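Trainee: Hey, can you work out the whole structure from these sequences and the hints?
Each chain, letter by letter, is given below.
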Amino acid sequence: MSRPTVDDGTVPPGGGQAGSAPLLGGAPEPTIFELSHPGRSAWSFRTTGIPETPLADLIPADQLRPEPPALAEVSERDLVAHVTRLTHRQFSVDLGAYPLGSCTMKYNPKVCDTVASLPGLTAVHPSAPASLTQGWLALLVELEEALCAVTGMAAATLQPAAGAAGELTGLLLMRAWHRSRGEDRHKVIIPDSAHGTNPASVTLGGYEVVTVPSDPRGCVDMRALRTVLDGDVAGIMLTNPNTLGLFEEDIAEIASAVHEVGGLLYYDGANLNAILGIVRPGDMGFDVVHLNLHKTFATPHGGGGPGAGPVAVSERLAPFLPGPRPVRLDGDGLEPSYGWAVPDQSIGRMHSWHGNALVLARALAYILLHGRDGLRQVAEVAVLNANWIRHRLSGTYDVPFDRPCMHEVVLSVRDLRREHGVRAMDVAKAMLDTGFHAPTVSFPLIVEEALMIEPTETESPQTLASLATALEAIAAQARRDPDALHAAPRTTPVGRVDEARAARRLIATFDAR
Amino acid sequence: MDVPQDCRYSKDHEWVRSEGGRVRVGITDFAQDALGDIVFVSLPAVGTTVAAGDVIGEVESTKSVSELYAPVAGEVVAVNEALADAPERLNQDPYGEGWVCEVVVASGSDPTTGLMDAASYRALTDG
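Keeping their order, the protein sequence lines are chains A and B.
Under my numbering, the first sequence has 297 at position 297, and the numbering climbs by one with no breaks.
Heads up, my numbering is the position in the second sequence plus 1000, with the first residue counted as 1.
If you are wondering where the hints come from, they were derived from the structure by calculation, not from laboratory data.
Take every hint as true, because none was put in to throw you off.
Here are some chain B residues pointing at chain A (derived, C-beta under 10 Å):
id	residue
1	Ser1061
2	Lys1063
3	Ser1064
4	Ser1066
5	Asp1085
Only a predicted model underlies this, so the values are computations on that prediction, with no experimental measurement involved.
Beta carbons: idealized from backbone N, C-alpha and C, even for Gly.
Mentor: Have a look at this one:
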């Protein structure tokens, strides 16, 4: 049984292939609780000079625990070693190419980290008065203006914590706008290729989901859309390009049809990377746009790390934005230039303080680093890279919608499955053995055995060639030795896990007993 | 792909089998295969009155969450409680141990209306 490799000498390795990632030993890493030793702690004050007060004197007895919580007790040294070892068992964007479709796992320039680490930004308390935080306020205002310029919108809120929070914010803004006109609408339209967060946000926002199918080109079926449009439709949520990586060519027609019945258009900004500096959601007719700053504007993400999901809106929705918002003040030059203001009919706060502020700082750094022409080039290279992959692999895997794509391409493992019993999951797991992160699998749902590849603009042509060669080697192995792929990955610290059992019998707590 | 002759099928990949005054409902072999390993099933409440096409529950697999639709109109009179602890039965035996619920068909309605026979369903899924 051999694993697919690309070291046959014909393809020089790309810089994004992490096949050499070292690991010392194959032992499992113990949990932090197994490293615990009673009485140990990572930090303690040696001499504070302050007398100790018994807890019982400070907290009412009925609010005190009978015994301390069962937390792990470890030294700083052991804690750092444990976390460092866990880090070395992970695949990360800094380690190699991460073509996880829909997630835009681009490399994040280190200069953005440098900016986000400036003490002038990190050492400011969020409740400090505006007169002492003019720098932060200028940053936020400038970012809002830049995001509005990129999306073609009039105003934005920077509060939402990430994409789904942005979606909910957008839906609440849509409702506030309809209600201000004396209308109470109940339905929101979503295409069947949508991100799963869209129907979830619609439901959380108190609306009913109406699904429209995709047509044979992979775009919204206009005829089906017209049959569900009526005066009870609050709006439609679209991502353009859509999750198949295809541009919704009928967007102008969709926009006028939805506007005709008094509905609004919501732009899911998850795929904004494909159109930066080329076309703007506002110009396509959208009324509300969320941006995933952590995807498009370079903050390391995944694993629950902080994101930011600003929502930009057209002029008519601006009075409803969450507040307080950072604003420019018309001063005489002696007064502070920036302050806070709550819009007239604000829907209220969507986040404590001012959102995930350091992600916002990173985003502005990224935008200024690239400039207008640089952002356009980001989109151009992202689209070029995805199309290069599509063209190179179209003879090896099925391409269900084989026409020029945008920033990502959806392949199907359907034929390999029928003929050799190899599924998209097997191909994805085998990718790990070649030193790449796996593509997204099983999404979008309307494609059987989908492999969704988003190479992003940050991978070199050499890395793209290595990635394609790895996928070709896996397809060849699927025909020759499908069982080897069922056993993949074999070189990772953890092999194939039983995902069904993990979901059915999840044990999420450690019990030393 | 297993498509038993004694069932009728909906386009949403549910099967219906008449069993003495009531119909048993489940998801097809094609559906369980497309979903992959099923990890959770939410079932309708006994006593619920449903119209054909109503959402009556959800099936969650390691790949996705899909809605279950009532293939016929009527009242839910029994659900397969065993699926709560053993959702894998939907994968292992979709037409037997993996049944989902039983419905007493609304009086005057024909439980076969809008449903396919085995040959038509096979043609649909082979496409």
